[in-house]
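Asks: Given next are the chains, with one letter for each unit.
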Amino acid sequence: MENGIAEKNAFVAKVIGILEHIMAHKELDIHIEPDTPLFDSRILDSVTFVEFITALEVELDVSVPDQKMSTQFFATPAHIGEHFGN
Amino acid sequence: MHAGFFERAAASPASIALDFGDRTFSYGDMRSLALSIAGAVEACGADGADSPWVGMLAGKRLHGYAAMLGILAARKGYMPLSCSAPGLRLADMIERSGTSLVFADEEGLRALPAMLAHTGRRLTVLVDVAEESAAVQVEALEEAWPSHVFRRVAPETMASESLSLEIHRDTPAYLLFTSGSTGRPKGVMVSHGNVRHFLDAIADRYAFTVADRFSQNFDFTFDLSVFDVFACLEVGGCICVPSGGDKVLPARYINRSRLTVWFSVPSAVTAMQAARQLKPGAFGGLRYSFFCGEALIVQAARVWQAAAPAGKLVNLYGPTEATVCCTEYAWSTEDRALADEQVVPIGNVFRGLHASVRDENGVAVAGEEIGELCIGGPQVALGYLDSPEENAKRFVEDASSGQRFYRTGDRAVFDARGCLRFVGRVDHQVKVRGYRIELGEVEQALRACSADANAVAVPWPPQAPHERLIAVCEAKVHDEREGQRLIGELRQRLPDYMLPDEVVFMERFPLNGNGKIDRRAVAQALVDRLSQPAG
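Going line by line, the protein sequences match chains A and B. The working numbering runs 29 ahead of the 1-based position in the first sequence. The working numbering runs 147 ahead of the 1-based position in the second sequence.
Note that these hints are calculated values from the structure, not bench results. Careful, some of the hints might be misleading.
[To be verified] Below, in silico cross-link-like pairs of lysine-lysine (DSS-like), each with a Cα-Cα straight-line distance of 30 angstroms or less:
{"no.": "1", "chain 1": "B", "residue 1": "LYS459", "chain 2": "A", "residue 2": "LYS97"}
{"no.": "2", "chain 1": "B", "residue 1": "LYS426", "chain 2": "B", "residue 2": "LYS459"}
{"no.": "3", "chain 1": "B", "residue 1": "LYS578", "chain 2": "B", "residue 2": "LYS663"}
{"no.": "4", "chain 1": "A", "residue 1": "LYS97", "chain 2": "B", "residue 2": "LYS623"}
{"no.": "5", "chain 1": "A", "residue 1": "LYS55", "chain 2": "B", "residue 2": "LYS623"}
{"no.": "6", "chain 1": "B", "residue 1": "LYS578", "chain 2": "A", "residue 2": "LYS55"}
[Stated by the list, open to error] Some chain A residues near chain B, calculated using beta-carbon distances under 10 angstroms:
{"no.": "7", "residue": "HIS50"}
{"no.": "8", "residue": "ALA53"}
{"no.": "9", "residue": "PHE103"}
[As the list claims (entries may be wrong)] Computed footprint of chain A on chain B; a stretch qualifies when at least three of its residues, placed anywhere within it, have a C-beta under 8 angstroms from a C-beta of chain A:
{"no.": "10", "stretch": "387–398"}
{"no.": "11", "stretch": "418–428"}
{"no.": "12", "stretch": "472–480"}
A quick note: this is a predicted structure, and the numbers were derived from the prediction, not measured. The beta-carbon is built from N, C-alpha and C at its ideal position, and this holds for glycine as well.
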């Protein structure tokens, strides 16, 4: 159980790492927390979202099924951890 | 242009006008707030009398829509200001419009200090402190900016009986700034008569009803929002406002909001495809899908039509200077004449308008020859703000008929069917993700940020529709850090949609025969470089 939480936290940290890397590329110095709303703070837009999904699939070996391509699964890094972290 | 809304609000105040997914507002709610704002604008008569415009620093929230209607009801034109635009740019718009009156909503109040820091004008800022956090914000602002006046909007200060919906057609309705080639944005002034003609043309062609639920993808600073808002409110329909997430992943928004009318730029189709949002039959409820703002590729139209099989798909075209849009082409899967890679025609001009294709001397070309598309008739805007030279160049009179027309700068041709097709531009204006951008304006900003180094902005991919903008700067070595510094500095000067996605350095720019930078050769060099394997 403890291990499961640690793994999930590590996954969320990696998700945040990917997002901060995408932001840095746009010369935006944005600090992201596990509960940062990713859509409302304009971190994910239609361009960065596709970059993010690609990174998620390639770097974290996550596969995102079509039926999960919907906002409620990506609202915050914590949500992403919940739905895609193993 | 606002009369339709007030008539609907009087007849059925309980009908829902705005749906945010988690919250709705009725026509009555919106009318009350609009009348409050109208009253406040009128009460500032002396302050605002010097200008026909009122700035609107508000987004797609109840207060933004109500401000638009309230400003119009007070017989002023609204000037939308983007809360995310650089303060310097906003201050310049205020200065040029000559107004000293601005309405700001909660988000607008947060953006206000950056604008006030650059303005020399003493402003009156209208605020509604009934908004949750606005009251606290206003007190802090009053202390920090004592030279400006903050005036609170009071409930329904304009009595509905004193609301007069008769308005002269030349009365200014809105002022929108578009990209300008010399680095200075162009302010396009549009009248009530212009919009009235547009809305009538739309009503004439499409049978919208009170049951229709409209998408609202466009920001107020983009004139296609006039369709989203006013075409909907006139028929008593409901505006369904997407959240930040809905804009990125719209499939759920379309179905959850039970949209019947969709309107977006064609690049939204590409983005939705990339985000796996387009499944055959996914949007069975859409009655109409409209696309405007850039070239619509046949393949994109096919994919969309498959996703929304029950609806009509219409390609619209028009520059801001001819009011929202002025031509239409009803696309159909049966259109066998068009191959996949082709661009959907822009079609035929709305009834009451006149389209002609002319040569550089302003003479109409014969048959299927390419020329500059010119639009005449009641949708041709009042003109540009403070730019007599640009006005003389673009808004011209026909030598024989004396009719005023607008030279669009778009190259077009009438095909054998008499249908208009878009061919390209006569100048360096481009559309990137549907946004109209003058490459000259981006280049001017690049030079200003890089000690006057030569710079060229290249839309990417080189063939339309363009998805990105790449800045190419002349420098001996490629320096990624310098590239990022440049983008950071450009952010202070340009709105987000004009920011280059990437900066590439090139040692020496190729020149053409006249010793000028050869844009085509720069773009070609970029193709060569970017197609090389990395490493």
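Asks: Hint by hint, say whether it matches the structure.
Replies: These are the hints, each one checked on the structure:
Between LYS459(B) and LYS97(A) the CA atoms are separated by roughly 29 angstroms; this keeps the pair inside 30 angstroms, and the hint holds. For the hint linking LYS426(B) to LYS459(B), the alpha-carbon distance of about 17 angstroms falls within 30 angstroms, and the restraint holds. Taken as a hint, the LYS578(B) and LYS663(B) pair is honoured in the structure, with Cα atoms around 23 angstroms apart against an allowance of 30 angstroms. The suggested pairing of LYS97(A) with LYS623(B) is violated, with an alpha-carbon distance near 47 angstroms, which exceeds 30 angstroms.
About 23 angstroms separates the Cα atoms of LYS55(A) and LYS623(B), which keeps this hinted pair within 30 angstroms; it holds. Distance check on the hinted pair: LYS578(B) and LYS55(A) sit about 21 angstroms apart at the alpha-carbon level, within 30 angstroms; holds. For HIS50(A), the interface hint is violated, the least distance from its beta-carbon to any beta-carbon of chain B being 13 angstroms, above 10 angstroms. Below 10 angstroms, beta-carbon pairs count as interface contacts, and ALA53(A) has one with chain B at about 8 angstroms; its hint therefore holds.
Given hint, PHE103(A) at the interface with chain B, holds; its Cβ is 7 angstroms from that chain's nearest Cβ, closer than 10 angstroms. Figure legend: the stretch 387–398 of chain B, annotated as covered by chain A; annotation consistent (8 residues with Cβ-Cβ distances under 8 angstroms, at least 3 required). Judged by the Cβ-Cβ criterion of 8 angstroms, the stretch 418–428 of chain B is covered by chain A as claimed, because 6 of its residues qualify and three suffice. Closer than 8 angstroms: that is the beta-carbon criterion, and the stretch 472–480 of chain B has 0 residues meeting it against chain A, so the requirement of 3 is violated.
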